[in-house]
Amino acid sequence: RKEVEQDPGPFNVPEGATVAFNCTYSNSASQSFFWYRQDCRKEPKLLMSVYSSGNEDGRFTAQLNRASQYISLLIRDSKLSDSATYLCVVNYGYNFNKFYFGSGTKLNVKP
Amino acid sequence: GAVVSQHPSWVICKSGTSVKIECRSLDFQATTMFWYRQFPKQSLMLMATSNEGSKATYEQGVEKDKFLINHASLTLSTLTVTSAHPEDSSFYICSARQGAGEKLFFGSGTQLSVL
Numbered sequence: 001r002k003e004v005e006q007d008p009g010p011f012n013v014p015e016g017a018t019v020a021f022n023c024t025y026s027n028s029a030s031q032s033f034f035w036y037r038q039d040c041r042k043e044p045k046l047l048m049s050v051y052s053s054g055n056e057d058g059r060f061t062a063q064l065n066r067a068s069q070y071i072s073l074l075i076r077d078s079k080l081s082d083s084a085t086y087l088c089v090v091n092y093g094y095n096f097n098k099f100y101f102g103s104g105t106k107l108n109v110k111p
Numbered sequence: 001g002a003v004v005s006q007h008p009s010w011v012i013c014k015s016g017t018s019v020k021i022e023c024r025s026l027d028f029q030a031t032t033m034f035w036y037r038q039f040p041k042q043s044l045m046l047m048a049t050s051n052e053g054s055k056a057t058y059e060q061g062v063e064k065d066k067f068l069i070n071h072a073s074l075t076l077s078t079l080t081v082t083s084a085h086p087e088d089s090s091f092y093i094c095s096a097r098q099g100a101g102e103k104l105f106f107g108s109g110t111q112l113s114v115l
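As they're listed, the protein sequences go chains A and P. Quick note: the first sequence uses the numbering used here, first residue 1, plus one each step. Quick note: the second sequence uses the numbering used here, first residue 1, plus one each step.
One chain only, chain P, in its complex shape (with noise of 0.2 Å):
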């Protein structure tokens, strides 16, 4: 099957500082990329949805500009969380579409942990 790699993690910060994790997809082109945080014991939340080459769509509450989404290429998408606060602190993970595919590929995840 496909293959998404998703670097860092795992990543330990101070609080107010940024932290870039990358999403890769190594064997196909990725249209559509997607962003989730989970916390312990809690279900995936949807963050974003980036498309190649066009600004990222925000789920509701999601604030934009903390979480800035990059998709430049059909094969990397990177979420930057700014100025990091513990309550950042979380599993976010990647997945990536194959074209207009319907299944789901998935990062390894980065664990965040915001001192």
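Bound-form chain A, shown alone (with noise of 0.2 Å):
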């Protein structure tokens, strides 16, 4: 079984429209969960870290669930610039050298 399982995508939705992806991990000693977000071909880029109790940052909001080891990013307004690919990050370990990948989650906005 994979560290950190999302859904390919790839989700296709209108501009404006609000767009949730989810994110499971096995491991149930993870310690930190991020959102990145990956343009073709580019670096990945830390989109918003997740706590426990969610965060909000503008139009995203990450949520937690331990109890069932799951992630959720969830999108309002989708812009077009907000096409990419967006990976699940789980961090566990001794020193938190342990950094787990999603295979991402393709999300285009359409005009």
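Quick list of in silico lysine-lysine cross-link-like pairs, DSSO-like style, CA-CA up to 30 Å:
(1) K66/P - K42/A
(2) K103/P - K106/A
(3) K98/A - K2/A
(4) K98/A - K41/P
(5) K2/A - K103/P
(6) K20/P - K64/P
(7) K55/P - K2/A
Some chain A residues well away from chain P (every beta-carbon gap over 12 Å; in silico):
(8) F11
(9) N12
(10) E15
(11) G16
(12) S26
(13) E56
(14) R59
(15) N65
(16) R76
(17) D77
(18) N108
The hints are simulated quantities; they were obtained by calculation from the structure and are not laboratory data. What you are looking at is a predicted structure, and each value in this text was computed from that prediction instead of being measured. A virtual CB, placed ideally from N, CA and C, is assigned to each residue, including glycine.
From the two separate chains plus the hints, produce the assembled complex.
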């Protein structure tokens, strides 16, 4: 079983739509959680960390469910510029030295 | 945020040659750097973890004699793909942690094409 699993998509949505992605992780000892955004052939960029209480950054809301071992990302009022691949990242291990990436969920926002 | 510089951005080489990729942390000291490989439409796969001044820790299935990693200073790690073959063609990307921080800062990646 993969450490981190995501629906690869693609999710094709119109501008202004609300879209949600989920991600599941297998290691219950996972300590930190992140969403990264990756554009084609570019490096991943940190979108937001995910906290147990849930957190929001503008149009983006992240949730963590430790009991069910999943993480979600909600994007409201989608923009064309939101088109990218969204990577779920889970971190655990001694000294936070293990980062595992999901395969990514591709989002296409269309006019 | 912290900046990680990776060079070269892309390289084309003949089969059998060696290629060196550099990863530098520009405005912070990176005690730990990570090297990843990404094939098209696939996830980033961790190849190895390097700590300054010590030997790299390789993930299962990654040949340490083929992918040489050197982390001689707190700001520079290098990955050398030795005797490259077409199947080594991939997108290689480094990342660094600043101290004991949780966040990763990524280089811009290197697209390697082996003919």
